[in-house]
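Put chain B on the given structure of chain P with help from the hints.
The lines below spell out each chain.
2 protein chains.
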Amino acid sequence: MTEGITTVTVPVLLLGCGGVGRELLHHIVASRHLHSKRGVVLRVVGVRDSRSLLQVEDVATMGFDDAFLTEICRIKSSSSSLSALLDFGHCQLFKDSEATTKILDIAGLLGRTTGLSVVDCTASTETVGILKETVDLGCCIVLANKKPLTCGIDDYDKLISNIRRIRFESTVGAGLPVIVSVTRVLASGDPIYRIIGSLSGTLGYVMSEVEDGKSFSKVVLAAKSLGYTEPDPRDDLSGMDVARKALILARLLGWRINMDDIQVDSLYSNEHGPNSMSTEDFLRIGLPSLDRDVQERVSAASSRGKVLRYVCVIEGSRCQVGLQELPKDSPLGRLRGSDNVVEIYSRCYKDSPLVIQGAGAGNDTTAAGVLADIIDLQDLFH
Amino acid sequence: MTEGITTVTVPVLLLGCGGVGRELLHHIVASRHLHSKRGVVLRVVGVRDSRSLLQVEDVATMGFDDAFLTEICRIKSSSSSLSALLDFGHCQLFKDSEATTKILDIAGLLGRTTGLSVVDCTASTETVGILKETVDLGCCIVLANKKPLTCGIDDYDKLISNIRRIRFESTVGAGLPVIVSVTRVLASGDPIYRIIGSLSGTLGYVMSEVEDGKSFSKVVLAAKSLGYTEPDPRDDLSGMDVARKALILARLLGWRINMDDIQVDSLYSNEHGPNSMSTEDFLRIGLPSLDRDVQERVSAASSRGKVLRYVCVIEGSRCQVGLQELPKDSPLGRLRGSDNVVEIYSRCYKDSPLVIQGAGAGNDTTAAGVLADIIDLQDLFH
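Respectively, the protein sequence lines represent chains P and B. Note that this note's numbering has the first sequence beginning at 4, numbered continuously upward. Note that this note's numbering has the second sequence beginning at 4, numbered continuously upward.
So that you can see chain P by itself, here it is in the shape it has in the complex:
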């Protein structure tokens, strides 16, 4: 079946080798055999963490081998410095500002010739500058990081200025095929008039547990101990992470909006915010004080035969993130646990929506989406 398949080598430069980035390197090692059967060779030419850039000696011809990639994963798991890898030889280390210059050198050398996929697995707002420069140098961009796409609209426009060379599936619903589905519906000329989704596994889990009669504070604490929440659960409860995903979807539909244009209902009030109390105080005092209000809203919804879900709604001129009462027998209403669900309504999917559901978080799944994006881009280089 491989008869006639030409092989393409895809150079990859990875920004961020923490959770998702590290998992991506694992996936690249594990799937190398599979991809070579389909004529694709992934060549990792460099990895950048918050302190330095580690690159192969000759970026034009070399890539880290599997043993080296595995060693990077091991080093990063133990929170050690990439410099520990210099002993392996055939690589170079650059620190801070020098690292940025070197990345642009690599982008300049490879971007327009063989193509270079610059893969952002950080959670930083600081990568947007270098990403924009690599776009100008002809590179492809793959994002797990939502922040570059949720900056100002000018930055966004720049990043997607060559729409064929950017992929960002893992920014919404991790590896779930949400972006590709929206893109395909739009490409078919089918106008999307509504997207509604539960895009936070954490908040999905919390709301379905609360519906079962448990107290909000206890469920949040349980979610925290299960590792479902951020260290400060307010990072989830604020809704800002969902708002970023909503903005990415809205902009994909062509909406010219910014974060400020999204109505975000936080699950806690300002008096319980990070500026007013510590995480510890929030968990001890702030969180339990929210129980009654949440319980009343759940009961009120239930008395109307509905359930409460924390969703994003993109419809008409409205992009909104917060608690909504939804029919029990809708895909969102039936949602249990930490799955994500997205309902897409268009001319073709009017009476019943196009629904995508599944695990929408986790390093493994997110990295899987990133790798599928990298592979998808290689069509450009045949």
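For the record, the hints were derived by calculation from the structure and aren't laboratory data.
Partial selection, computed: residues in chain B whose CB lies under 7 angstroms from chain P:
1) 30
2) 34
3) 178
4) 187
5) 375
Below, a list of computed lysine-lysine pairs in the DSS-like style, where the Cα atoms sit at most 30 angstroms apart:
6) P/40 / B/135
7) P/221 / B/353
8) B/40 / P/353
9) P/331 / B/309
10) B/309 / B/331
11) B/353 / P/331
12) B/331 / P/309
13) P/353 / B/149
14) B/40 / P/149
15) B/353 / P/79
16) P/40 / B/150
17) P/331 / B/331
18) B/331 / P/353
19) B/221 / P/353
20) P/309 / B/309
21) P/217 / B/353
22) P/353 / B/227
23) P/309 / B/217
24) P/227 / P/309
25) P/217 / P/227
26) B/40 / P/150
27) P/40 / B/353
28) B/149 / B/98
Just so you know, even glycine gets a beta-carbon here, dropped at the ideal spot from N, CA and C.
Frame of chain P; chain B shown alone:
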């Protein structure tokens, strides 16, 4: 936002301009403005129906304009011959065998240079020959027609020999992103160990109505009068259409199997088959005689807290199509009406599957999937 976007012109040759093909031409006209904004121009150079090929005068430079494409749709709606369009000028008509030669001429001229998308919207087994030849000539293939992919494995291998140049999303679940989702999961190195799906809107509708206590025969007759079934409902009840979709999915997973390897449970027995009785007799006598058996199976499932669904299952070494008892609270068990549902199980989607749900039939939705495939292929020509 279009700054820096280069325009690519995609020549399209359409085989079959009945239901789906006609709808595709409508979509192309309706979405032309949208695509040109993204740098894609679709140029329809010819349309082939069962009798003849109508092509533009100069396939290297011309395409049918929107007025002409609309006229093709009008002519085909009224079951008239494409020859009626000769009056419009700037086009040529070729009959039968001459048409095949001409298609290969066009494929030879455009295949390797600008790319040519040969789009099969027929329901015929007879296109496989010409499709294989156009593959050799460097053309891209887009299929709504399941039959070329469900022929012998040699034909299949030939068609997918250049995997980057074939798309067939609409063969399974119409426009639903099933193929692209499976492809992405595989590309990420995430092994799929189970696919289970309800891939017949007709049988989905029938089984959920029967579950509500209606008799099987009455539901099938109602479905027929709503236009949900083929003229002879046995074409749906045989399960062969579902089996074709199952084979396409299994082969996508790398299984080297043929139609014969699929265990297909028909909803009627041989004594009620097309060789034994006419459609009319089947509807009058055969169909009601099935009521009791179906009712008993539904009741037996219900007594075990389960529901009966007509599904395909691809798992282990088994590819099976037929009625299965499923948990009421699974995505498939909750299925109502004519929606398709596919559950994909893999390492990333193990505890709860990746689920895709929505309308999985209809000319509009099917043609939308075909158009999204055509647009997806244009990345190859930048």
